[in-house]
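Q: What follows is each chain in one-letter form.
2 protein chains.
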Amino acid sequence: MPAQPNPERRNERSRRAILDALYDLAVEKGYAKVTIEAVATRAGVGKPTIYRWWASKGAVALEVINDRIGTAIDFPNTGDIVADLTSQITAVTGIMTGDLGRLYRGVIGECQTDPKLAQELRATVLEPRIRFCTARLDAAVADGQLRTDLPTRTMVDVIYAPVYYRWLLSAGDAEVRGCPALVPEIIAGLLPR
Amino acid sequence: MPAQPNPERRNERSRRAILDALYDLAVEKGYAKVTIEAVATRAGVGKPTIYRWWASKGAVALEVINDRIGTAIDFPNTGDIVADLTSQITAVTGIMTGDLGRLYRGVIGECQTDPKLAQELRATVLEPRIRFCTARLDAAVADGQLRTDLPTRTMVDVIYAPVYYRWLLSAGDAEVRGCPALVPEIIAGLLPR
Numbered sequence: 001m002p003a004q005p006n007p008e009r010r011n012e013r014s015r016r017a018i019l020d021a022l023y024d025l026a027v028e029k030g031y032a033k034v035t036i037e038a039v040a041t042r043a044g045v046g047k048p049t050i051y052r053w054w055a056s057k058g059a060v061a062l063e064v065i066n067d068r069i070g071t072a073i074d075f076p077n078t079g080d081i082v083a084d085l086t087s088q089i090t091a092v093t094g095i096m097t098g099d100l101g102r103l104y105r106g107v108i109g110e111c112q113t114d115p116k117l118a119q120e121l122r123a124t125v126l127e128p129r130i131r132f133c134t135a136r137l138d139a140a141v142a143d144g145q146l147r148t149d150l151p152t153r154t155m156v157d158v159i160y161a162p163v164y165y166r167w168l169l170s171a172g173d174a175e176v177r178g179c180p181a182l183v184p185e186i187i188a189g190l191l192p193r
Numbered sequence: 001m002p003a004q005p006n007p008e009r010r011n012e013r014s015r016r017a018i019l020d021a022l023y024d025l026a027v028e029k030g031y032a033k034v035t036i037e038a039v040a041t042r043a044g045v046g047k048p049t050i051y052r053w054w055a056s057k058g059a060v061a062l063e064v065i066n067d068r069i070g071t072a073i074d075f076p077n078t079g080d081i082v083a084d085l086t087s088q089i090t091a092v093t094g095i096m097t098g099d100l101g102r103l104y105r106g107v108i109g110e111c112q113t114d115p116k117l118a119q120e121l122r123a124t125v126l127e128p129r130i131r132f133c134t135a136r137l138d139a140a141v142a143d144g145q146l147r148t149d150l151p152t153r154t155m156v157d158v159i160y161a162p163v164y165y166r167w168l169l170s171a172g173d174a175e176v177r178g179c180p181a182l183v184p185e186i187i188a189g190l191l192p193r
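In the order they appear, the protein sequences are chains R and L. By the UniProt record's numbering, the letter at position 6 of the first sequence is numbered 6, and the numbering carries on one by one without gaps. By the UniProt record's numbering, the letter at position 149 of the second sequence is numbered 149, and the numbering carries on one by one without gaps.
Looking at chain R on its own, in the form it has when it is part of the complex:
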């Protein structure tokens, strides 16, 4: 006799369809022009299904971002902090200058006038990665590769800021892709003294 439909699996199928629909529509039209109606239609679900799982279009987009980034920008630890940050930031700038980056910029744009979404962005996308980065920097401090008198949380801000600054202020893709080359200059201010 045929198995009963598995409600969990059906949910996962709808979730996947919704995430893919939002991503595809954002690539096609630009994030600002994507509506929840269009996502629902493309995904073959009703709007209430989307709103049962997410508070807003921005919330769906944050899940798309995390889902698609996956492990692509995890922090390596080869023992050389400059090399590791350079390769990790190279991966970040690769994402920023591609289709997923355009979607991510759209969401960050929305956050500028939506404080609730901005806090969700911090909690779900930024803070987990800041914690991983801090852990990698802590290891470098313990190895004697970085100074001990500045919190590693502050070092994260100084190291990652130029990437976001050039990207969000439209300095151009070439400038964004030039950020990994700045790591040695920035680290020069963070060396043991």
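Each hint can be trusted.
Which copy? The list can't say, so a pair holds if one copy fits it or any two copies do.
Each computed DSS-like pair below joins lysine-lysine, with the alpha-carbon atoms no more than 30 Å apart:
| hint | residue 1 | residue 2 |
| --- | --- | --- |
| 1 | K29 | K116 |
| 2 | K116 | K47 |
| 3 | K29 | K47 |
| 4 | K33 | K47 |
| 5 | K33 | K116 |
The set of hints was computed from the structure by calculation and includes no laboratory data. Here the structure is a predicted model, which is why all the values come from computation and not from measurement.
Given chain R, put chain L in place with the hints provided.
A: Chain L only, in chain R's frame:
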């Protein structure tokens, strides 16, 4: 006999009314909710008057920002580059965490999905100030206070990035106001070697 109305002066009065209307409405409702219709009504002008002088709401907002910043964040030159950058960045973070900063964030948000406005932001708000900053850094290089082997244009990115990073990624007002204290740490990587 009464003088003919001066069209230049009338234009300046309308311009002032339009800029003030957009600023006041943005403070009251938030930039995202401001419409050109509402600006026109508040300023007592027709929509065509606004569109004769500006291409979009964002373009009006950029003029409001430049107009209200005025000389508040001009670059001092006391001869001490760390002191001068610290006081200039203190002025910048004061603006960012106030009403004008909220409007500016709204426009930067809009720029994330509007490349034309983003280029206008760079040309009218950012680039003129980057040139002033570069000139101040060039003077510091000539004084032997900064290294000679890194373009001062790149130094600007490294020095100003944390301010925008904390501000646009909603780290909170206290973190933004903490940026001037980072200047010595950042400059440590930019000293003569």
